[in-house]
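Q: Each chain, written out:
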Amino acid sequence: MKIAFTVSGDTLEAPLDSRFGRAPKFLVYDLDNASFEIVDNEQNLNAAQGAGIQSAQKVVETGSTAVVTGHCGPNAFRALNAASVKIYTSEASTVAEALALYRDGKLSEAGGSDVEGHWV
Amino acid sequence: MKELVIISGKGGTGKTSLTAAFAQLADNAVLADCDVDAADLHLVLAPNIKERHDFYSGHAAIIRQEDCAKCGACLAHCRFDAVKMDGKGAGNATFTIDPVACEGCGVCVRFCPVQAIDFPEQLCGEWMISETDYGPMTHARLNTAAENSGKLVATVRREAKKLAEANEHSLIIVDGPPGIGCPVIASVTGASLVLAVTEPTVSGQHDLERVLELTKHFKIPTAVCVNKWDINEAMTQQIEARAQEAGAIPAGRIRYDIAVTKAQVCGKPVLMFPESIAAQDINALWTRIQTIISTS
Amino acid sequence: MILAVASGKGGTGKTTVSANLARALEEKTQLLDCDVEEPNAHLFLHGKKLDSTTINIAVPKVDASICTGCNACGTFCEYSAIISFGKAPILFPEMCHGCGGCMKVCPQHAITESEKRIGTVETFQSENITLVHGRIDVGVAMAPPLINAVKKCIGSDMPAILDAPPGTSCPVITTLRKVDYVLLVTEPTPFGLHDLSLAVDMVRELSIPFSVIVNRVGIGDERVHTFCQQEDIPIIMEIPDDRRIAEAYSRGELMVDALPEYKKLFQDLFEKIKKEIQVNAPALN
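Protein chains in written order, with my numbering: chain C, 92 to 211; chain F, 53 to 348; chain D, 204 to 488.
Pulled out of the complex, with its shape left as it was, chain C reads as follows (with noise of 0.2 Å):
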């Protein structure tokens, strides 16, 4: 299972972006093998508008099932709800301590977008 990650950095210890819709990259982790790879969204800063819905269809186009961010708005909740992505918020401050949460089951499931998104 791939999991995708906001992040500005290239490595674990980059800080998690708090950023989804405009996250410049993501770290696609896989528990499988415990390997990852980074998946560049820049250009999706280029994007008329939509930039949520854009980086959840570039999160789907990775594989992966799940999300761990900051912020999620209602469009790229949405977007991310029907292709059954799931969509975890954290505070954590890398992408290392992000994981680890996720492994001992301490982050929760987003239940809704919790920022009211358009555009930003």
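Don't take each hint at face value.
Stated by the list, open to error - 30 Å max Cα-Cα, derived DSSO-like pairs, lysine-lysine:
| # | chain 1 | residue 1 | chain 2 | residue 2 |
| --- | --- | --- | --- | --- |
| 1 | D | K251 | D | K478 |
| 2 | C | K177 | F | K214 |
| 3 | C | K197 | C | K177 |
| 4 | F | K140 | D | K381 |
| 5 | D | K477 | D | K381 |
| 6 | D | K290 | C | K149 |
| 7 | F | K271 | D | K319 |
As the list claims (entries may be wrong) - Here are a few chain D residues that face chain C, going by a calculated C-beta distance under 7 Å:
| # | residue |
| --- | --- |
| 8 | I293 |
| 9 | M298 |
| 10 | L409 |
| 11 | H428 |
Unchecked claim - Have a look at the derived ranges for each label pair, beta carbon to beta carbon:
| # | chain 1 | residue 1 | chain 2 | residue 2 | range |
| --- | --- | --- | --- | --- | --- |
| 12 | F | D138 | D | E450 | 50 to 56 Å |
| 13 | C | E182 | F | I310 | 35 to 41 Å |
| 14 | C | D131 | F | P165 | 34 to 40 Å |
| 15 | D | K231 | F | S346 | 56 to 62 Å |
| 16 | F | D282 | D | G421 | 16 to 22 Å |
| 17 | C | S99 | F | R131 | 37 to 43 Å |
| 18 | D | Q470 | F | A153 | 33 to 39 Å |
Keep in mind the hints are simulated off the structure, nothing from the lab. Owing to the predicted nature of the structure, the values given are computational and were not obtained by experimental measurement. Cβ atoms here follow ideal geometry from the backbone N, Cα and C, with glycine treated the same way.
For chain C, the structure is supplied; the task is to place chains F and D on it using the hints.
A: What follows is chains F and D alone, placed relative to chain C:
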């Protein structure tokens, strides 16, 4: 980190003069001019530009005349009245696309039977990071007749937030656009506090009510300030009462003062004129805003 | 004749000019308030409402029973308004620009269109003025389709005056398309000058003949006048900084009603505009 967004609904109520004064009063805040259509904050804060970035957004269709079969499919498909035809009759007409009317939807590009339509990304303006005497500033310039200012507004805010995070600033002050449409929505969503500046006129009141509906819709705490309140005191009281009913906090009043215009003519924040009555009122308003934002 | 009153900066007196001009004409005149985010002209013209129409834009509707989840629609859409993850797509109608592309690219013909409300267009009659204004629903981002709905009401049998929204981006451009002449209202301050220069660039890009009205002459400085002289732009009217005008405005009264001495100023303005249009007509061709 807190973000204060100053908007007005109606234009010309003194948003930018007030933002500039707050910039001076705040202790090293990051400033963001989100009125990208008619950016004026730089006229007062005299920013020293450190970085410039091109701003691309969306696409525009362009017909390559040498490949065009003159069939008119683009004209039939376009819903935005952006395809122009001149010449006479099928086979002889020249088709062009009005870049101003083109929405960048790509329908004509997709349905052109001879693939004669290009669809390049649009250069819509630029955004900048600058230094001012009162703190760093992000601002932008939208090209003439360009679209998508909401996206540029989002960029200016995002860059301000990055600056604030990187240098541990505790406050961002945003000069917002007039109206209640796309650029305004992009300016206010997720802010800690909106300060709506109005004036005691029928238009000021009407436009403020629309702004308060908008901030309620997006669930953003909102304070209200009546500028030039002494032009019509009865109207000022009525505006404050209505604002309170709508869930906003009346945060202060500013007296009419010609010194505000004089300061603008000199290109200086109004607080540089300490004898100004407006400057005194702004000081009081700032104290109140700090209290409100600390609890929001 | 279709005349638009615009300005880069808000609050310079667009509505004051357009409403007073319309009233001063005395003949039958249409006033179209295209500032659909914050329509104000009706606050100064007390009249009878004749009509109110709901304005919708077309947004897609998917027949899930024939959709195969191929996402051709999602791949095509430039606005992220529709997307499919292997089953019937989800829709984001507030993102939709109504281009109809998804409907056309769907190989199953599973997409039709339904309507989404964006606002209303209302018509009032106030003495000689037929006022049409659009009012966008709060939270709706896209003003241009509503502005176009207002402009569809322009009749050919009387002069039409368009009160434009402030700024220089899409809503203003939509308002100014296909007008004969533009009046740019400014005030003699640095903000006024800066925003005027942006508005001048805009109308030049659109190739529409224009001139400038300076409002509140007496505040600020001379730089707007110097700019117009250098750029060879006619200043077609000056309105003095008169506290009585500001007070009448604050109460929602028209200047030409409260201070009849200004009526002639607006009537002269209209005559000058007519001449300007004639002078510019051959060049337009």
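Q: Decide, hint by hint, whether the structure agrees.
A: Here's how the hints hold up against the structure:
A C-alpha spacing of about 34 Å is found between D/K251 and D/K478, which places the hinted pair above 30 Å, so the restraint is violated. Note on C/K177 and F/K214: the hinted pairing holds, with a Cα-Cα distance of about 28 Å set against a maximum of 30 Å. Under the criterion of a C-alpha separation no larger than 30 Å, the hint pairing C/K197 with C/K177 is consistent with the structure, at around 14 Å. Of the pairs offered as hints, the one joining F/K140 and D/K381 holds, with about 22 Å between alpha carbons and a cut-off of 30 Å not exceeded.
Our distance criterion of 30 Å between C-alpha atoms is met by D/K477 and D/K381, whose separation comes to about 17 Å. For the hint linking D/K290 to C/K149, the alpha-carbon distance of about 17 Å falls within 30 Å, and the restraint holds. Restraint check: the Cα-Cα separation between F/K271 and D/K319 comes to about 23 Å, which is no more than 30 Å; the hinted pair holds. Proximity of D/I293 to chain C holds as hinted, the smallest CB-CB distance being about 5 Å (cut-off 7 Å).
Among the interface hints, the one on D/M298 holds; its C-beta lies about 5 Å from the nearest C-beta in chain C, closer than the 7 Å criterion. With a cut of 7 Å, the hint placing D/L409 at the interface with chain C is violated, because the nearest CB-to-CB distance is about 22 Å. Hint status for D/H428 relative to chain C: violated, with the closest Cβ pair at about 40 Å, above 7 Å. Between F/D138 and D/E450 the C-beta distance comes to about 52 Å, which sits within the given range of 50 to 56 Å.
In this structure the hint that C/E182 and F/I310 lie 35 to 41 Å apart at CB is violated, the actual value being about 50 Å. Checked against the given bound of 34 to 40 Å, the beta carbons of C/D131 and F/P165, roughly 35 Å apart, stay inside it. D/K231 and F/S346 have their C-beta atoms about 57 Å apart, which keeps the hinted 56 to 62 Å range intact. In this structure, F/D282 and D/G421 meet the distance hint of 16 to 22 Å, their C-beta atoms being roughly 19 Å apart.
In this structure the supplied range 37 to 43 Å holds for C/S99 paired with F/R131, their Cβ-Cβ distance being about 39 Å. Checked against the given bound of 33 to 39 Å, the beta carbons of D/Q470 and F/A153, roughly 35 Å apart, stay inside it.
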